[in-house]
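Residue numbers (the numbering used here), protein chains in the order written: chain G, 2 to 264; chain F, 793 to 1068; chain C, 19 to 286.
No wet-lab data here; the hints were simulated from the structure. Bear in mind that the values here come from a model prediction, so they are computed numbers and not experimental data. Do not take every clue at face value.
Pairs of lysine-lysine, DSS-like flavour, derived with a Cα cap of 30 Å [as the list claims (entries may be wrong)]:
hint	chain 1	residue 1	chain 2	residue 2
1	G	K21	C	K122
2	G	K247	G	K187
3	C	K185	C	K95
4	C	K185	C	K122
5	G	K187	C	K256
6	G	K255	C	K185
7	C	K95	C	K122
8	G	K167	G	K187
9	C	K38	G	K187
10	G	K187	G	K255
11	G	K21	G	K247
12	C	K256	G	K255
So, partial list: chain G residues that the calculated Cβ filter (under 8 Å) puts toward chain C [as the list claims (entries may be wrong)]:
hint	residue
13	P44
14	I119
15	A252
Output of the computed footprint for chain G on chain F, the stretches with three or more beta carbons under 8 Å from beta carbons of chain G [to be verified]:
hint	region
16	826-837
17	955-961
18	1031-1039
Even for Gly, the Cβ is constructed at its ideal location relative to N, Cα and C.
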Amino acid sequence: MNGPLLAVSGLSKHYRRAGKMVAAADDVAFDIQPGQTLALAGPSGSGKSTIARLVLRLIEPDAGNIRFEDADFLALGGAALRARRARLQMVFQDPLAAFNPRATVARVLDDPLRIHGIAERSERPRRIAALLERVGLPTELAQRAIHEISGGQRQRVAIARAIATKPSLIVLDEAVSALDVSVRGKILELLLDLQREEGIAYLFISHDLGVVRAIAHRVAILDGGRIAESGDARAVIDVPRSAIGKALVAAAPKLPAPARTAS
Amino acid sequence: MSAIRRFLRVPEATAGAFILALLLAMALLAPLLFPGDPQAIAGAPLLPPFHDWSLPLGTDRLGRDVLAELFHGARTSLAVGLAAAAAALLIGAVVGTLAGFAGGLVDEVLMRVTDAFQTVPGFLLALAFVSVVGPSLGVVVAAIALGTWTGPARVARAEVLSIRERDYVAGARVIGMHPLEIAFREILPNALPPVLALSSVIVAAAILTEAALSFLGLGDPNRVTWGGMIAEGRTVLRTAPFLSIVPGIALVLTVLGVYLAGEGVVETTATRRGLS
Amino acid sequence: MNPLLSIRDLTVRYDSRHDKAPALRSASLDVSVGERLAIIGESGSGKSTLALAIAGLLPRPARIQGSIDWFLPLDGKAPLGGRDIGFVFQDPSGSLDPVMSIGKQIGEVIRTHLGLGRRAARARAAELIERVRLPDPRAVLNAYPHQLSGGQRQRVAIAAAIAAGPKLLIADEATSALDTIVQAEIVTLIRQLVAEDGMTLIFISHDIALAAELAQRVAVFRHGELVEVGETADIVTKPRTAYTRSLLDAHLGLDAAPLLDLTPPVPA
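All chains, please: the whole structure from these sequences, using the hints.
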């Protein structure tokens, strides 16, 4: 494959709200290179989740192009789209809401293997165990119900499900925002591990610039459905140029420096 | 199981469960306790209750054993009530799920059909259906289901509409699951609780409708039914009121039991949700 | 400083079975009049249980041991939620009535606790809307909760919480559902209101950096137990426990060392 893994251009989506048309995405364009992380950052209502859902074809755009793995992703439909979804996965913010409340861990991981014909029925338990091990969970967890395990474990299961079909891109929609800080660090490390070893690219949606700066290669800062600025993640966050970038940086909670607090 | 223990802690649930258990026992034991045809003549006609202990509830106009008829009638009432309710819930859940999940034209068409059924009174529909097709147990069940599936369909659709927007449905789409599998495996089971909460009302209504049809002579003629017994007793209401009163009480108790048990189930699930 | 309340050996259980760990285990903590105290911890730390216990808002099945003593002129009566204690929840929609206008909701608090008439209560509500810096107070008074954004709803919830002039304001994860920019605005607002009214603040949060920006003292909770409590500067710069240290290390500030290794990946 030459060129970017995902190329989005002119992407627009409008909603009617109280009689007025509101742009959730307005002429958005960005690329993601294989194995790299692009973060979409911005305040609530800036359109970052809408863009994530447009890229995943969970909602349809009003206008724009999405090329994924050198093919027109918007031209796919029905069975062809479902088959291609194996390569483009997602992890949600709330890992409890992201699973069928009746599901067990095994079922959640069995579904993608069965749907995409990745493993025969008899071989799937072994695959499920391998996936659980890959995300740092004990294999006994397979028999447990989703609602019985902890939030951090659930998010690991969500990641295991996302990598089950060997995707080239995973959309992470506020995937670490609801986690305790101690758990968050370990999940971020797992994501970076997977990226290093499997070459997975991430579209990382977050309102937390600290996390973005820690794990993203590039960042696009959104405001009102438009990209206000974009570039190398550390460069943009260390010296933001747009008004919204400056506001986000100023608003990020900072631990008092020892010298300042000592006085 | 703790769910059963919680259920039995609700007083009306215990009462309802007791009545239903009694009814079920009657239905199951009927062929053992009263083998042979309950419509056969057992003694002198119009024997009052509590006079002859071999016929504790007396006999009807034709000399049939009222107690045997009551037991066998429980079978019909329960069978028809449960089968009709199950059919209504099944049709309603499938129609509601398809309408809610598919949206657009499919939703529009299915809901207009639902409207059409809802504008005709359910009992009238059942009456017309049985008169045309002819009375038999299956036809009575179908007739009752035809008039009652719309309620479950609407509830299921409303529930599916809200579940459809949840993350886990989006998650199922992302892993490439087929829409029909999403609708019936992922959404429907989670949309069922409020639909099943309707079941006590539907079972009770079905039992009453069956009784009403039998009363009008549109029940299965080869089976004893409570409605039929009441109709039988009507002609001798002044001289032998017990012939109508006994099956009437059975009917009232059954409907009461179904309501109470249903209430208990709703209460148990509600408290469980409240605690978690 | 004068004490406002004193918590001694407070244990709270939601589950009466003794094999289950209590939500809060023999916590002891003093709160002084006018101070800003942050209570931080991760999920299951008991921080919200403590907040609810102080406000007297624990659900009925909860069993409480230990004592909470108040140093308020209340003639020995327990302080009243709404009048003596203002409480701001994480989710403002949960504490606002969706079918009652904003003016009515705040007015109701005022009329209940201050005994003002309808007209006076409405005027007071308008003042409060202005104090929490909502644009166009008149429009907000007549608006319903769903017509406001999450940040605006939280401002309304704060206005309702301080309407009766409470001595103590408890904010339980009041900014967690908001984005960073709105969060910073709400924190600034709380700081201002607390200073102007001389209120005591208990700020419950999972975010140690946010808590440190606002509070003078920080109490760290874990698994229902108080880990350590101290001046913010001490907790942040020289924590006494490994747990607090780990919380500080886990914070990803804008100056943190990136986790991403930017050396180009070796193609597989």
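Here's how the hints hold up against the structure:
1. Taken as a hint, the K21 of chain G and K122 of chain C pair is honoured in the structure, with Cα atoms around 28 Å apart against an allowance of 30 Å.
2. Restraint check for K247 of chain G and K187 of chain G: the C-alpha separation of about 29 Å stays at or below 30 Å, so the hint holds.
3. Of the pairs offered as hints, the one joining K185 of chain C and K95 of chain C holds, with about 15 Å between alpha carbons and a cut-off of 30 Å not exceeded.
4. Taking the CA atoms of K185 of chain C and K122 of chain C, the gap is about 23 Å. The hint holds against a cut of 30 Å.
5. Simply put, K187 of chain G and K256 of chain C have alpha-carbon atoms about 24 Å apart, close enough for the 30 Å limit, and the pair holds.
6. For a cut-off of 30 Å, the pair hint linking K255 of chain G to K185 of chain C stands: about 29 Å separates their Cα positions.
7. With a C-alpha separation of about 29 Å, the suggested pair K95 of chain C and K122 of chain C falls inside the 30 Å cut-off, and the hint holds.
8. Simply put, K167 of chain G and K187 of chain G have alpha-carbon atoms about 21 Å apart, close enough for the 30 Å limit, and the pair holds.
9. Of the supplied pair hints, the one linking K38 of chain C and K187 of chain G holds, its CA atoms being roughly 28 Å apart against a limit of 30 Å.
10. Between K187 of chain G and K255 of chain G the alpha-carbon distance is near 21 Å, which keeps this suggested pair within the 30 Å criterion.
11. With a C-alpha separation of about 29 Å, the suggested pairing of K21 of chain G with K247 of chain G holds against the 30 Å cut-off.
12. As the CA atoms of K256 of chain C and K255 of chain G are separated by approximately 17 Å, the hinted pair is consistent with the 30 Å bound.
13. Because the closest C-beta pair between P44 of chain G and chain C is about 4 Å apart, less than 8 Å, the hint holds.
14. Interface restraint check for I119 of chain G: the shortest CB-CB distance to chain C comes to about 19 Å, outside 8 Å, so the restraint is violated.
15. Because the beta carbon of A252 of chain G sits about 4 Å from the nearest beta carbon in chain C, less than 8 Å, this interface hint is met.
16. Look at the region 826-837 of chain F against chain G: 0 of its residues bring a Cβ nearer than 8 Å to a Cβ of that chain, fewer than three, so the hint is violated.
17. Beta-carbon proximity to chain G at under 8 Å applies to 3 residues in the region 955-961 of chain F; the threshold of 3 is reached and the given coverage holds.
18. Here's how the region 1031-1039 of chain F fares: 0 of its residues keep a CB closer than 8 Å to some CB of chain G, so the rule of at least three is not met and the hint is violated.
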